[in-house]
Structures are given as structure tokens and as C-alpha cells.
Amino acid sequence: MTTLVAGEKVLYTYDPPLEGKRTFIGGGWLPSREEVASYKKLSPVDFEILSYRMNSIANEARQAILRVSGSAVVAEGGEALFAVYDPHGFTSSLACGLLLHTAGTQGNIREVLDVQGKMPGVYDGDIFMLNEPSVGGFHACDQWTGTPIFHDGELIAWLGSLTHTSETGAIEPGGMPASARSLLDEGYRVQGIKVQERGQINRAAINCLLRSTRDPAYYVLDLRARIAGLNVAKERFQTLIKRYGADRVRACIEQNIDYGEEMARAKLRSLADGTWRMVCYMDWDVGPKPKLIKISLRMTKQGDELTLDFDATGPNANYYNCYINGTFGLIYVAIASQLFWETPGNWGYIRPIKTYIPQNCCLNAPYMTPVSLCAAFPVTEAVTACIAKMLYTNPKYWQDINAPWQRNSRSGVFWGGLSQHGYPSGAAFSESWAVGTGAGIDEGRGDGCDTGGMMMTVESSISDVEMMELQAPFLYLWRREGLDTAGAGRWRGGASVSYATVPHNSPHVLLGFTSIGNFADPTQSLDGAYPPAFEAGGGEIVRGLNLTEVFQKGKVPQSSQELHKLAEQSRGKIELVRTPLPATPMATDRDVAVSSFGGAKGMGDPLDREPERILADIDNKVYSLEMARRVFGVVIDLKTMKVDLKATEAVRNEIKANRRKKGAIWGGKK
Amino acid sequence: MRIHYYLDLDEKTQKIKCRKCGKEICHGSENYKLHVPRADVYPDEVYGVRPPRETAMVIYHEYYCPGCYTMLDVEVSEPDAPPLWDIQIALSKHSE
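Quick note, the sequences are listed as chains A and D, same order.
Counting in numbering that gives the first Met the number 0, the final residue of the first sequence is number 669, and the numbers go up one at a time with none missing.
Counting in numbering that gives the first Met the number 0, the final residue of the second sequence is number 95, and the numbers go up one at a time with none missing.
Misleading hints may appear alongside valid ones.
30 Å max Cα-Cα, derived DSSO-like pairs, lysine-lysine [as the list claims (entries may be wrong)]:
| id | chain 1 | residue 1 | chain 2 | residue 2 |
| --- | --- | --- | --- | --- |
| 1 | A | K655 | D | K14 |
| 2 | A | K660 | D | K14 |
| 3 | A | K620 | A | K572 |
| 4 | D | K11 | A | K661 |
| 5 | D | K14 | A | K641 |
| 6 | A | K395 | D | K22 |
| 7 | A | K117 | A | K20 |
| 8 | D | K11 | A | K620 |
| 9 | A | K552 | A | K293 |
| 10 | D | K22 | A | K661 |
| 11 | A | K564 | A | K552 |
| 12 | A | K655 | A | K645 |
| 13 | A | K395 | A | K8 |
| 14 | A | K39 | A | K117 |
| 15 | D | K14 | A | K661 |
| 16 | A | K620 | A | K641 |
| 17 | A | K645 | D | K19 |
| 18 | D | K19 | A | K660 |
| 19 | A | K395 | D | K19 |
| 20 | A | K117 | D | K14 |
| 21 | A | K620 | D | K22 |
| 22 | A | K655 | D | K19 |
| 23 | D | K22 | A | K645 |
| 24 | A | K660 | D | K11 |
Calculated from the model, a selection of chain A residues having no Cβ within reach of chain D, i.e. all distances over 12 Å [to be verified]:
| id | residue |
| --- | --- |
| 25 | I24 |
| 26 | S42 |
| 27 | D151 |
| 28 | K233 |
| 29 | Q237 |
| 30 | Y258 |
| 31 | L291 |
| 32 | L417 |
| 33 | L469 |
| 34 | E561 |
| 35 | D588 |
| 36 | G597 |
| 37 | A615 |
Rather than coming from a laboratory, the hints here were simulated on the basis of the structure.
Each residue gets a CB set at the ideal place from its N, CA and C atoms; glycine is no exception.
Please model the entire structure based on the sequences and the hints provided.
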């Protein structure tokens, strides 16, 4: 990337310097950038047909990955990507369940060409693997494999597949260890080895991987899934070349990128110029006290260019940091889904964007800093909020306005130990994807979708409870949408998941918690709505219960309060989890983890929400009666379970009167 | 031009106005939050499980329309933070 130092900040223009000359790379010639730029443009009809075909190939290959992988993260969470790149690694077509990697994986191809182009060379049938966070991914769990496409002795494209593979052999199971204090604690990092050489699997290379993980069975399935995706796409690609000719295919790859840029710039031109700002927070480093980590964004749109200027607190000692690729990933979750959703997902829509990020802050962390959680979700929140505000300036886009929905958490999401089937394993629970989506406005979506899906993996779903119980040594006491978690506004955010699990049928189980937002809300709702809350009781481990006896009576506890009562009876104890918790032992059938995610953000003043909608929210267990009264000013007659309109009007007037009383112009002038 | 769920920028007068009550708030070149009432609220004053005031590191700054007292924004920020200038339209250059 071209970098220009501007004060302490670095400008990222996403325009990497590339050698101008044609280069021989073993299996053929890598064309120069000038040659690539001179490929003849296709007619509109040819372009439409070929770009659609390439997009279909990428989507089919991604489906192949999802169907071969056995991991909940990939198969249900949808954390798999497939991309077609140009010879230099610029993304042209993208099938992207994981928006984080819209921009990031390009670095992998450049690393392969740079390090291995001359020796040992790049050949047809090679498959390279990388998961180095400082090069092209987000964290070590993001594992990329790529293969070159040659035709008549010339490199014409790359194909790449990526999965989030949970078990990296880190110091804790599940790939995102809260106790990591260095990148070295976060598991193996593969630097572009050939897992397949000229069509032959390299068993020694694969053994390096399998012998570095707690769960080689799941691991190899993800690897095979990625290779399956590459094989499917390569076959389709070769058919495409045979039918349309290599010249047209490679021209289409470049033209698709130019088309993406053209669409992106046209959309930017259709919006008002201006500057929008947002400040977000994280709240924990390594303790013992909370630490406020501030991320601020100034987004400026001028003509057909967008500049994102970040300020952020310095790097942390824990796993919340991002390397620059991780931060780009978080930025492009918002850009791809909120601003350029109708634009082909490729390098083209990245060209109009400039980003300033200070060096050595938590968003541009120095090498070796731990990054495995990469939890600077507020970056996505800040960009989404600024985009929402910008979209108001053209009525054509009002239907696209969304409040953000990355989330806060108090959740036991990583487990490790012995599975009920007798082998060591480690993975993530799929509930991480069951978070609500952000609210829109009257002309758009209105309320967010309850447990609709994580912002960075919009196509995600979650495993059935039965599937989770089959794969992992746990029983679920409950899984439901968390009460009062939806961001309260005129339009509410979606509610997020609440779940409780107990280890079962295994002598050795560890559980790790993520925990964000217990001391500072990571971000805010929009235009007068309140930030979302947690469900009561979320984020605790209730230990020492005699659940076998409870189950034998045909009962299954359904709330934190019930668990507390059982703990009292069995002299158990309650541990509140308010900070990231490294993998902790859990006793089989005795220790219950209660987890909760904060909901999505709302939009507009809660007092403007129609009482009838609140009544429906109560019926649907989205909000409690107390939330309805105190935040929305809506009173429900408990006898009839209908809205008491008179009482509602009185409460709402009282809330407004209180606003008049307590509000003052900043600076003390009333 | 609409610039917010509840706010318009009148392109003739270049004033920011409330869409609900029509109250003129300030010139479009200014931060509207400097011209509307703000209240500081601890997160735990709002119903729901939120950071308790003993340990909370941020508070909610609520901003209201001076005309109809509709809540315009709930800013999450440090207690002494000045109002964030979150919407700053370039007045001379509007959309195509």
C-alpha cells in the first residue's frame, strides 16, 4: 500500500506499488499492470454475461465450502468467502458471507508473489495457504487458500477461499484466547506454504497444520472445504475460458473492478458533501480495573471521494487490537453492507476511499500485539452511523438507512476439552450470530430483525440446539431472544440471543467468555433512541448445581433466578462475568454458563413509538411491562392486557416535563 | 434537505429546523447540539441492564428539540465531553 506520513497519522489509499514489468513466476508470466490495464473492454452484453457468470462461479464455490465444512462457524455462521482476483491479487468477484474480508485477503496474493514468485515459483495446480494476521486476514482463525489460473503460459487470475477455522492451537481452545498477551499466544500462523503442489497434496505441509491443532478432524474438514471450493471454481473457470476465450475472461475481470468503482463514485456524487462524526468505546484491557479505549471517526464526503479519519487510543495488552487489515475489514463491513450494497463487491469500490489511521494505536497495532478477538467492532458501528446520517441527504436512499448492529456481549462463546465422542476439540458456539439487526426509518425497514444475524456475516444462521448438542458436550437449558435487549427507539433494534448451557457427558470441559460493554456502552443508537441493554442475568456462571436430580424430576431451569435458587439449595455459587474470561473449567451437569448479547441499535425517540407496537413487543417477549412504562411511557392495563391510552398520555407528558426540567444548553445556559 | 430523523436543513434560509414542530434551531454551519437542551443521564437511570453508575465510564447526553422536546440524540460519551458535531453539511455543495 502507498503510505504517506501525515503527522502521526498514516494515509492508506489502498493503491499498492507494483512492479511495472512483466515477470516470469515459474508456471508462466505475470503480466505488468500496464498490460492488465490495456485489456480490451467488452461490449455491454458480453460484460453482463461474463461478469454474471464469474459471480455465479464464486457463489457456487462458496456453497461448496459451506457444504463440505462440518464446523458450525462455517456451515451455519456462514463465515466463508470465495473470491476471483486479477493476476496481481485485486478482488474482482466476491461471494462474501464474511464482509470483514472484502478488502483484506488481497494481501495474501501479494505476499505469495513477492516471497515465492521467483523461488520456488507459482505453478498451475499449486494451492497456497496463509493465515498471518499481519498480512491479509483479521486473526489466525481466518485461513485462506488460493490457487493461480494460468492460460497459455500467462497468469490470468487467482481464486481464493477463506474460512473462519476456530481451533488454531492457541493457548486456549477456540482460537480467540482472552489470556493472549502476544501474537505468539494465538496459535499457528501459516505463511504461504503450498498445501498442494502442481496438483498433488503436500502431506508434510498438511501434517504441520494438523499436528498444531487440538481438533485435526474438524480442521482438515475446513481445509478440504476450501480446496473443494477452489476445485469447483477452477473447473467452472476453465469451462468459461474454453467457451468465451481467455482474452474476454481476463478483460471481464478488470472491467468488473472498473465498473465497481464507477458505481461507487456515482453513488457518492449523489449525496451531499459534508462531514459526519462518531465516537465509540471499548472498556477493558487486562485489568484489574476497566480502561476506556476511545475510537473516533471523522468521515468527510467530497464529490466522489470519501475520507475516513480515525483517532484511537494506543494498543492494548489484550486481544482487542487490530492490525491494519483487521481495521480495513471492520470498515468494509459497513461500506459493503450500508453504502455500496448494490455495487459489485470488489476492489473498485475501495478506490474512492482514503483512510487515515494513527500508527501504533489499537486500530493499527504494532506487530506481535495480540489481535485474536479483533473486537474493535465500534469501528464498524462508527462507519455505519456516519453512513446512515449521510444517506438522509438524498430521499432515494432513505429506505437503506440502518442503525448499527455490531454488539456488546457477556457470553461464553468458546469451549474446549474432550467431546462426548472422546476426542479433544475446541470451537465457538454458534449463538454469536444470533444478534438483532439495526432499526431503519419510516421509509425503510422500520424495526430491526430479532436475532437476524451478525453485521459482518449478514447471511448467517445458527445451528439447531440439537445439532450443537450433537457436536459439543453441552446441554442447553434455554435459548431464546433476550428480554429488553432491543435498542429502544421509535423504531426498535432487533433483540439478541440469550442462552444457558451446562457441560454434559464429558469429564473435561473448558469455557471462555467474551465480555464487552459492561463499563461503557460500545456505541449508541441513532437520532434519539437509547443504546441497547443486556438481558437480566446474562453473563454469569452458576456453579455447583445438582442438575441431574432436577432433570430426573422432569424440570429444566428457565431463568437466572431459578438457577440462583438451585444454587442456594445445593450450596453452589454465582460468579458474575463482566470482563473477558480465559477458558475456565466447568463441572459436568453442575456448572451452568448464562450468556447474553446486547441487542441492536434503535432509531428515534422511544416516546414516538406507537403504543400498539409496544403491546405487540410485550406479547412477543421483546420488552417487559417495566421497560414499556419507564422508557416508552406506555401503560398496559393488566386486567385487559390492552394499552391504557389515558395513563400512557399522562406518563409520556410526565417524561417530557422531566426533559424540560433537566435539559440545559451546554455550557450551563438554560 | 433532510439531515436527521427529526431535522431538516432549509436550503433557502440555511437554517436547521425540527421536522416535527418546525422550530428553527440554528444556522446550518453550526453544531445544532450547541443550541438545544442537553441532559446528563447515568446509564442506569434508563431502565434495562446497563453499566452501573459506580463503575460506568461513560454517561448518556440526551439532546432535546427546544420546541417539542423530542429526544434528538442520546450521545454516549465521557461525562465532561463537549457536544459532538456529528452532522456538518458543506453548505455550498449540495447533491446533484
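Hint check:
At roughly 25 Å between alpha-carbon atoms, K655 (chain A) and K14 (chain D) fall within 30 Å of each other, so this suggested pair holds. Taking the CA atoms of K660 (chain A) and K14 (chain D), the gap is about 26 Å. The hint holds against a cut of 30 Å. For the suggested pair K620 (chain A) and K572 (chain A), the alpha carbons sit about 29 Å apart, so the restraint of at most 30 Å is met. Between K11 (chain D) and K661 (chain A) the alpha-carbon distance is near 34 Å, which puts this suggested pair outside the 30 Å criterion.
For the hint pairing K14 (chain D) with K641 (chain A), the CA-to-CA distance comes to about 42 Å; that exceeds 30 Å, so the pair is violated. Proposed proximity of K395 (chain A) and K22 (chain D) is supported: the alpha carbons are some 26 Å apart, at most 30 Å. Of the pairs offered as hints, the one joining K117 (chain A) and K20 (chain A) holds, with about 14 Å between alpha carbons and a cut-off of 30 Å not exceeded. At roughly 47 Å between alpha-carbon atoms, K11 (chain D) and K620 (chain A) are farther apart than 30 Å, so this suggested pair is violated.
Restraint check: the Cα-Cα separation between K552 (chain A) and K293 (chain A) comes to about 50 Å, which exceeds 30 Å; the hinted pair is violated. Taking the CA atoms of K22 (chain D) and K661 (chain A), the gap is about 20 Å. The hint holds against a cut of 30 Å. In summary, the hint linking K564 (chain A) to K552 (chain A) is supported, as the alpha carbons are separated by about 16 Å, within the 30 Å threshold. Distance check on the hinted pair: K655 (chain A) and K645 (chain A) sit about 16 Å apart at the alpha-carbon level, within 30 Å; holds.
At roughly 35 Å between alpha-carbon atoms, K395 (chain A) and K8 (chain A) are farther apart than 30 Å, so this suggested pair is violated. Taking the CA atoms of K39 (chain A) and K117 (chain A), the gap is near 29 Å; set against the 30 Å cutoff, the hint holds. For the given pair, K14 (chain D) sits about 26 Å from K661 (chain A) by alpha-carbon distance, which is consistent with the 30 Å threshold. Pair hint K620 (chain A) plus K641 (chain A) holds up; C-alpha atoms about 15 Å apart against a cutoff of 30 Å.
For the given pair, K645 (chain A) sits about 22 Å from K19 (chain D) by alpha-carbon distance, which is consistent with the 30 Å threshold. A C-alpha spacing of about 21 Å is found between K19 (chain D) and K660 (chain A), which places the hinted pair at or below 30 Å, so the restraint holds. Taking the CA atoms of K395 (chain A) and K19 (chain D), the gap is about 21 Å. The hint holds against a cut of 30 Å. At most 30 Å may separate the alpha-carbon atoms for a hinted pair to count; K117 (chain A) and K14 (chain D) exceed this at roughly 63 Å.
As the CA atoms of K620 (chain A) and K22 (chain D) are separated by approximately 37 Å, the hinted pair breaks the 30 Å bound. With a C-alpha separation of about 15 Å, the suggested pairing of K655 (chain A) with K19 (chain D) holds against the 30 Å cut-off. The straight-line distance between the Cα atoms of K22 (chain D) and K645 (chain A) is roughly 27 Å, inside the 30 Å bound, and the hint therefore holds. In summary, the hint linking K660 (chain A) to K11 (chain D) is not supported, as the alpha carbons are separated by about 34 Å, beyond the 30 Å threshold.
With 12 Å as the threshold on Cβ separation, the claim that I24 (chain A) sits away from chain D holds: the shortest Cβ distance comes to roughly 45 Å. A cut-off of 12 Å between C-beta atoms confirms that S42 (chain A) is not in contact with chain D; the least separation is 28 Å. The beta carbon of D151 (chain A) is kept farther than 12 Å from every beta carbon of chain D, the shortest such distance being approximately 45 Å. A cut-off of 12 Å between C-beta atoms confirms that K233 (chain A) is not in contact with chain D; the least separation is 43 Å.
Listed as a non-interface residue, Q237 (chain A) keeps its Cβ farther than 12 Å from every Cβ of chain D; the least gap is roughly 44 Å. Chain D leaves Y258 (chain A) outside its interface by the beta-carbon criterion, the shortest separation being 20 Å against a cut-off of 12 Å. With a least beta-carbon separation of about 5 Å from chain D, L291 (chain A) fails to lie farther than 12 Å from that chain, contradicting its non-interface assignment. With a closest Cβ-Cβ approach of about 34 Å to chain D, L417 (chain A) is found to remain outside the 12 Å limit, as its non-interface label requires.
Its beta-carbon lying about 32 Å from the closest one in chain D, L469 (chain A) satisfies the requirement of being farther than 12 Å from that chain. For E561 (chain A), the condition that its CB be more than 12 Å from all CB atoms of chain D holds, with the nearest at approximately 18 Å. Distance check for D588 (chain A) against chain D: the nearest CB is about 28 Å away, which clears 12 Å, and the non-interface claim stands. Listed as outside the interface, G597 (chain A) is inconsistent with that label: its C-beta sits roughly 9 Å from the nearest C-beta of chain D, within the 12 Å cut-off.
Every CB of chain D is more than 12 Å from the CB of A615 (chain A) (nearest about 19 Å), matching its label as outside the interface.
Of the numbered hints stated above, those contradicted by the structure are hints 4, 5, 8, 9, 13, 20, 21, 24, 31, 36, listed in ascending order.
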